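Trainee: Protein sequences, first through last, are from chains P and B. For the first sequence, the working numbering begins at 1 and goes up steadily by one. For the second sequence, the working numbering begins at 1001 and goes up steadily by one.
Keep in mind that the hints were calculated from the coordinates and are not lab data. Treat the numbers as computed from the prediction; the structure is a model and nothing was measured. Treat the hints with care, as some may be off.
[What the hints assert, rightly or not] Computed list of lysine-lysine pairs in PhoX-like fashion (alpha-carbon distance at most 25 Å, straight line):
| hint | chain 1 | residue 1 | chain 2 | residue 2 |
| --- | --- | --- | --- | --- |
| 1 | B | Lys1059 | B | Lys1097 |
| 2 | P | Lys102 | P | Lys66 |
| 3 | P | Lys59 | B | Lys1009 |
| 4 | P | Lys102 | B | Lys1180 |
| 5 | B | Lys1180 | B | Lys1201 |
| 6 | B | Lys1009 | P | Lys102 |
| 7 | B | Lys1009 | B | Lys1097 |
| 8 | P | Lys66 | B | Lys1150 |
| 9 | B | Lys1059 | B | Lys1216 |
| 10 | B | Lys1150 | P | Lys102 |
| 11 | B | Lys1009 | P | Lys66 |
| 12 | B | Lys1180 | B | Lys1150 |
[What the hints assert, rightly or not] What follows is a set of in silico ranges between Cβ atoms, one per label pair, in the way DEER data are often shown:
| hint | chain 1 | residue 1 | chain 2 | residue 2 | range |
| --- | --- | --- | --- | --- | --- |
| 13 | P | Leu85 | B | Leu1168 | 29 to 37 Å |
| 14 | B | Asn1028 | P | Glu49 | 39 to 47 Å |
| 15 | B | Lys1201 | P | Arg20 | 55 to 63 Å |
Glycine included, each C-beta is placed from N, C-alpha and C at the ideal position.
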Amino acid sequence: MHEVGIANSILEAGHTEAARRPGATLTGIGVRIGVLSGVDIDALRFAFECITAETEDEKVVLTTEKCPRVNRCEDCNNEFASPQLSPFTDAPCPRCHSTRTKFVSGDQLDIAFVEVEEP
Amino acid sequence: MTVVRVEQKVLNENQRIALELRHRFEENSILCLNFISSPGSGKTTLLESTLAAFRPEEKIAVLTGDLQTENDARRIARYGFPVQQIVTGGVCHLDGKMIERALEPWPLENIDVLFIENVGNLVCPSSYDLGEEAKIVLLSVTEGEDKPLKYPSIFHKAALLILTKVDLLPYVPFDIEAAKANARQVNPEIEILEVSCATGKGMDEWRAWLGERRAKRQPHFAGSVKSVQG
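Same shape as in the complex, but just chain B (with noise of 0.2 Å):
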């Protein structure tokens, strides 16, 4: 019987499809962010509300991976810009294959920001690298606020953890504290925004964020930011 040592990761295959795919996105100085949580969070409402404050002229687009339908796409389609349903057919996530297959009919000098709505789950998209520029996790105040703490990968490899639906907190038992506490436990650099769709609060900061992740993507860019979030 022989040992060999290997010493490499499991998911090679994607790391290397996420690096290339990385390495795409920098050369056309494209921001992409990869939008994951639990169905029922709000990641297509939250797409529709940032989607619907660009100008239509911006480059945006969007692919979004479900299981089964293109509902969501359909959704984020009456916005005007560019939108691909991946359909998964079972798969628990969106993997680099799928981004590379995805992005194929479309010339990526067009694009200057792509939005990678995840299939809804806690667990699975955290594993895979999709050559996004940073992951945001959502969670919304009907949920639990130690989910950070039941899930923490996702928590852990996030940059921006998004509060969804506070403007439900009167409503909810939902100690937003302890949530905030809880996400820090795991990721102690993570940022944190609280957003309501319905009511338009906190989705200021949410476009300074994006914003300023532009500006360092685009500095073509930095001199418009305020346009955005106007």
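Bound conformation, chain P alone (with noise of 0.2 Å):
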């Protein structure tokens, strides 16, 4: 539902990041969606391809990564993602099998990277 406002930020972000290169055009972007950011990259896509269409940026390529669930366990300290992309914590530690874990990551809305063509 606010992925028009998501979209809108990523180029936005994407354009200051070009500016700082005299000449630069935009050319892409890329971000990483944690599976508990609440934004659903579809309906992201959906939006970003929106808001480019027939402007200058309508070439500007976005490139998503949906980032997984991460804990760490606090018996063994192994870090491990949840399987199949799950938010949940229903996972124990494939090494040591302990239930007692903690979130680490799993909630990105970031930019990773721009591209930009440069004369």
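Using the hints, put the two standalone chains together into the complex.
Mentor: In structure tokens, the structure reads:
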């Protein structure tokens, strides 16, 4: 539902970064979306297409990477991703099978890179 | 073609404003709480019951967000504390900028507790930090107990889950233990309260939670926790 706003923020951030390089044209943006970010990747891609269609940004390619929930085992310190991109904590530590785990990451809504064409 | 590594938050600008707000809240010893739920879970009603128990001289303020109308602000204003309606005009969440703008006319030193009632929506508000100390998610027993599984983001980010309308439990097929277990699947550390504004059940526990949070923020307040609970 708020993916249009998010898509706008992504595009703005891409342009801000491209503007640091005189004469460069923005050609792509890469984002990381965690399973706990509350952002739906398909909706985001659709929103991004809508806001760039028939504009000078029409050719900007959005690359998305879906990030799993990563927990740390409190018993053996192992960091592991929840299987099947699940946002839940039901998976025990695959190394020692402990269920005492702590959240590490999975709520990312980050820009990883921008691609620019330089003259 | 050049690839430039960036590594920044998509909502960088909102994050910057939220950090500024958080800093201002800390400077002024303000406890700021952000209430999030589906439409109709009882955010406004819980706020009304909460405000009714404060003494009139307490420094409480409320910001309430909706797509349209000033109805909620009118309801809340009856309790005599300053309230402002943020009409988002279609936007599905509150963001840092809206809070910053809404706070402009208010001297922050005159606020001890700031309640923010977000737009009724379980998805989008979870992405926007408002500088609050804690997000509180409400889930009413007339909804499904699988809401935390369907909308994990907000249950993951909330410090407290308030199950509302629990007086209706005998009449609805809501499995409250399943709801709690589902919330803990996403967020094992989430605190959970059961409340009914209609009967007053659980309100003492909710006020005690609030009192504890306040005492942490405002050491001078610690002595008067009892009177707020009473």
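Trainee: Against this structure, judge whether each hint is valid.
Mentor: Here is how each hint holds up against the structure:
no.: 1; hint: Lys1059(B) - Lys1097(B); verdict: holds (23 Å)
no.: 2; hint: Lys102(P) - Lys66(P); verdict: holds (20 Å)
no.: 3; hint: Lys59(P) - Lys1009(B); verdict: holds (23 Å)
no.: 4; hint: Lys102(P) - Lys1180(B); verdict: holds (18 Å)
no.: 5; hint: Lys1180(B) - Lys1201(B); verdict: holds (18 Å)
no.: 6; hint: Lys1009(B) - Lys102(P); verdict: holds (23 Å)
no.: 7; hint: Lys1009(B) - Lys1097(B); verdict: holds (17 Å)
no.: 8; hint: Lys66(P) - Lys1150(B); verdict: holds (18 Å)
no.: 9; hint: Lys1059(B) - Lys1216(B); verdict: holds (16 Å)
no.: 10; hint: Lys1150(B) - Lys102(P); verdict: holds (21 Å)
no.: 11; hint: Lys1009(B) - Lys66(P); verdict: holds (15 Å)
no.: 12; hint: Lys1180(B) - Lys1150(B); verdict: holds (14 Å)
no.: 13; hint: Leu85(P) - Leu1168(B): 29 to 37 Å; verdict: holds (35 Å)
no.: 14; hint: Asn1028(B) - Glu49(P): 39 to 47 Å; verdict: holds (44 Å)
no.: 15; hint: Lys1201(B) - Arg20(P): 55 to 63 Å; verdict: holds (57 Å)
Hint compliance for this structure: every hint is met.
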